[in-house]
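Residue numbers (the numbering used here), protein chains in the order written: chain A, 1 to 121; chain B, 122 to 236.
Derived by calculation from the structure, the hints in this document are not laboratory data. In this text, a Cβ means the ideal position worked out from N, Cα and C, and glycines have one as well. Hints may be right or wrong, so weigh each one.
What the hints assert, rightly or not - Reference excerpt, derived from the structure (chain A facing chain B, CB under 8 Å, subset only):
1. 26
2. 29
3. 32
4. 39
5. 44
6. 49
7. 108
8. 109
9. 114
10. 115
11. 119
Said to hold, decoys possible - Quick list of in silico lysine-lysine cross-link-like pairs, DSS-like style, CA-CA up to 27 Å:
12. A:14 x A:64
13. B:176 x B:228
14. A:41 x B:194
15. B:176 x A:64
16. B:228 x B:199
17. A:41 x B:176
18. A:41 x A:55
19. A:20 x A:55
20. B:228 x B:194
21. B:228 x A:41
22. A:14 x A:41
23. A:64 x A:41
24. B:194 x B:176
25. B:194 x A:66
Stated by the list, open to error - Which chain A residues face chain B? A few, computed with CB under 8 Å, are given here:
26. 68
27. 89
28. 91
29. 93
30. 97
31. 112
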Amino acid sequence: GAVVSQHPSRVICKSGTSVKIECRSLDFQATTMFWYRQFPKQSLMLMATSNEGSKATYEQGVEKDKFLINHASLTLSTLTVTSAHPEDSSFYICSARDQGATVRLRTDTQYFGPGTRLTVL
Amino acid sequence: AQTVTQSQPEMSVQEAETVTLSCTYDTSESNYYLFWYKQPPSRQMILVIRQEAYKQQNATENRFSVNFQKAAKSFSLKISDSQLGDTAMYFCAFGRSNSGYALNFGKGTSLLVTP
Numbered sequence: 001g002a003v004v005s006q007h008p009s010r011v012i013c014k015s016g017t018s019v020k021i022e023c024r025s026l027d028f029q030a031t032t033m034f035w036y037r038q039f040p041k042q043s044l045m046l047m048a049t050s051n052e053g054s055k056a057t058y059e060q061g062v063e064k065d066k067f068l069i070n071h072a073s074l075t076l077s078t079l080t081v082t083s084a085h086p087e088d089s090s091f092y093i094c095s096a097r098d099q100g101a102t103v104r105l106r107t108d109t110q111y112f113g114p115g116t117r118l119t120v121l
Numbered sequence: 122a123q124t125v126t127q128s129q130p131e132m133s134v135q136e137a138e139t140v141t142l143s144c145t146y147d148t149s150e151s152n153y154y155l156f157w158y159k160q161p162p163s164r165q166m167i168l169v170i171r172q173e174a175y176k177q178q179n180a181t182e183n184r185f186s187v188n189f190q191k192a193a194k195s196f197s198l199k200i201s202d203s204q205l206g207d208t209a210m211y212f213c214a215f216g217r218s219n220s221g222y223a224l225n226f227g228k229g230t231s232l233l234v235t236p
C-alpha cells in the first residue's frame, strides 16, 4: 500500500519555541499533501493544502504566519508551528495524494501519516 | 460549504453481527467522492471504503459495504460479520474534487465490538 511517514511522532516543547513536523510519502510521489489537526475525542480539521513548488492554501481561521508549510519536493512537506503556545497542543496529521504515476494507487484518495502529538508546556 | 453529519456518537455490536453507521452530507457540487476512514486507538487513519458520486453502484470491500443514496445525500456504512478488530472510531468524509480532494470529516462514530 501507500506509506506516509511523519516525524517526530511526539514532541514536547516550551512555550515560545518553534517546532517542525515532517511528512514524507515513502513509495509514491505526492504533488498534494494536506495537514489536519485533531483535538482529543474530536474529528480531523483541515488546516491547509500543500502543493509542491507553490504556496500552501490555508483554511479559513488558520494563521498562515503561525503554521508555516513548505512542500519542497514531491515526497516531503513540512509544517512548522512558530512561537508555539499551550493552545497549539494537539495531534497533527498529514496526508498525501498520489499524483497518478503509481498505477496501484488512486489519485482521488488520501493516504495518511501516523500523526504527531505536540505538547507545548 | 460542505458539511458531513454523523448522528451516532457511539455504537456497540456483538462479534459476528452486522452494524450500520449513518452519514449524511450537504453539498451543491455534482462531482465528489465519499469515504469512510477508520481510526483505531493507534490513531492511524485507515481507508475503509470509497465511493464516487457519479457511480450508482454501491461500493463494497470484503465485509464492508455502503448504501449510497445520492438524492438523499446519505452514505451509510455496513459492517458484516463484525470482528473485535473493527473496534475503532469511524469517520465519514467528503472529498472536494475541485480542491485537490481535500476532506471534510464528520464528527465520527465510536464503534465497540463486544465478544
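Structure-based check of all given hints:
1. 26: With a minimum Cβ separation of about 14 Å from chain B (threshold 8 Å), the hint on residue 26 of chain A is violated.
2. 29: violated, 15 Å
3. 32: Nearest chain B Cβ about 5 Å off; hint holds.
4. 39: violated, 11 Å
5. 44: Nearest chain B Cβ about 5 Å off; hint holds.
6. 49: holds, 5 Å
7. 108: holds, 5 Å
8. 109: Holds. Min distance 6 Å.
9. 114: holds, 5 Å
10. 115: Cβ of residue 115 of chain A sits 5 Å from chain B, so the hint holds.
11. 119: violated, 15 Å
12. A:14 x A:64: holds, 21 Å
13. B:176 x B:228: It holds: about 25 Å lies between the C-alpha atoms, which stays within 27 Å.
14. A:41 x B:194: Distance of about 26 Å is within 27 Å: holds.
15. B:176 x A:64: Outside the cut-off at roughly 37 Å; violated.
16. B:228 x B:199: Holds, at about 18 Å.
17. A:41 x B:176: violated, 33 Å
18. A:41 x A:55: Status violated; Cα separation ~31 Å.
19. A:20 x A:55: holds, 17 Å
20. B:228 x B:194: holds, 17 Å
21. B:228 x A:41: Roughly 9 Å between the alpha carbons, so the hint for residue 228 of chain B and residue 41 of chain A holds.
22. A:14 x A:41: holds, 24 Å
23. A:64 x A:41: holds, 25 Å
24. B:194 x B:176: holds, 14 Å
25. B:194 x A:66: violated, 36 Å
26. 68: This interface hint is violated because 19 Å lies over the 8 Å limit.
27. 89: violated, 15 Å
28. 91: Interface hint status for residue 91 of chain A: holds (7 Å vs cutoff 8 Å).
29. 93: holds, 7 Å
30. 97: holds, 6 Å
31. 112: holds, 4 Å
Of the numbered hints given earlier, the model fails hints 1, 2, 4, 11, 15, 17, 18, 25, 26 and 27; all others are met.
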